[in-house]
Amino acid sequence: MSNQMKDALDYIVSNKKIRTVFQPIISLRDGSVLGHEALSRITHDCAIKNPDMLFTIAEKFNRLWDLELLCRTTALESAFKFMIPPYDKKLFINVNPNVMHDESYKSGFTKAFLDQYEITPSNVIFEITERNVITDLNGFKSTIDHYKNQDFKIAIDDAGAGYSGLNLIIDVKPNYVKLDMGLIRNVDQDRLKYALVKGMVEFSRASNILLIAEGIETFEELSTLVELGVQYGQGYFIQKPDDEIKEINTEVLTALESIIRRTVIRNPQSDVNVLALRY
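Take the sequence shown: its position 1, counting from 1, is numbered 1 in this note's numbering, and each next residue is one higher.
The set of hints was computed from the structure by calculation and includes no laboratory data. All values derive from a computational prediction rather than experimental measurement. A portion of the hints provided could be inaccurate.
[Stated by the list, open to error] Taking lysine-lysine pairs in the BS3-like style, the calculated list, with each CA pair at most 27 angstroms apart, reads:
1. K173 <-> K17
2. K106 <-> K60
3. K193 <-> K89
4. K16 <-> K49
5. K106 <-> K153
6. K60 <-> K141
7. K246 <-> K141
8. K153 <-> K81
9. K90 <-> K111
10. K17 <-> K240
11. K49 <-> K17
12. K173 <-> K106
13. K16 <-> K90
14. K246 <-> K198
15. K246 <-> K16
16. K141 <-> K16
17. K173 <-> K111
18. K17 <-> K81
19. K153 <-> K240
20. K153 <-> K246
21. K246 <-> K90
22. K17 <-> K60
23. K81 <-> K246
24. K148 <-> K90
25. K90 <-> K173
Based on the provided sequences and hints, a complete structural model is requested.
Shown next, in the form of structure tokens:
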């Protein structure tokens, strides 16, 4: 990688050129908000165009923890004003599983930060992406156990994007599994995607893991996911990421209500709840 990339990385980290936006995750059973995913955005115009690229470069130049620390701190500071008790929504934060190998890695930082701001750890979900290759599985599992022992919850992100996802889910035993947007795209039209999501719903019920569908962009995708029994969803159809945590648009909740009503009529045994929709 070029010196230009390294210089851009150093500038972003040193000058804190990261901001946080939030995207809601809602129940597909009653429309209530489960929480929000904190997403990092680069505020410096440079050759590094997106956060995935930024983290790849940071890992290459041994600055993964520096970048992780910046993104995590920025997310928590941005979310703090929304998370004052009795706030009980969840904050989903992306975590690179290989950060523990960085020489600067500081165990216990997040818990200490939350204690400082009186944020409940059980309201924070660490998202571990399947896209990252985990180089030390035993060490990674120890880190996950460390997080769980501090009362943090765990989500496997981008499930379906790689080939190791099921083994990772079994090893980690997460609280949530997020279905990759590639699996959700056109799930209403693609029989194989439909079958895979249906299988994941059955798996989640048997294992007591909650499913979150990522990247919902159309009414038809949302409708199919509700009918299949996926518990939660997020995506542009529901709400785009925003600097502020906002209420869900009434039009979205009305659309969800119509889907739920239709689902209940077709399947009276469904566990969706049309009466619990919140406006």
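Status of the hints after comparison with the structure:
no.	hint	in the structure
1	K173 <-> K17	34 angstroms, violated
2	K106 <-> K60	19 angstroms, holds
3	K193 <-> K89	30 angstroms, violated
4	K16 <-> K49	16 angstroms, holds
5	K106 <-> K153	19 angstroms, holds
6	K60 <-> K141	23 angstroms, holds
7	K246 <-> K141	35 angstroms, violated
8	K153 <-> K81	21 angstroms, holds
9	K90 <-> K111	15 angstroms, holds
10	K17 <-> K240	21 angstroms, holds
11	K49 <-> K17	13 angstroms, holds
12	K173 <-> K106	24 angstroms, holds
13	K16 <-> K90	25 angstroms, holds
14	K246 <-> K198	31 angstroms, violated
15	K246 <-> K16	25 angstroms, holds
16	K141 <-> K16	30 angstroms, violated
17	K173 <-> K111	21 angstroms, holds
18	K17 <-> K81	20 angstroms, holds
19	K153 <-> K240	24 angstroms, holds
20	K153 <-> K246	23 angstroms, holds
21	K246 <-> K90	14 angstroms, holds
22	K17 <-> K60	19 angstroms, holds
23	K81 <-> K246	13 angstroms, holds
24	K148 <-> K90	15 angstroms, holds
25	K90 <-> K173	19 angstroms, holds
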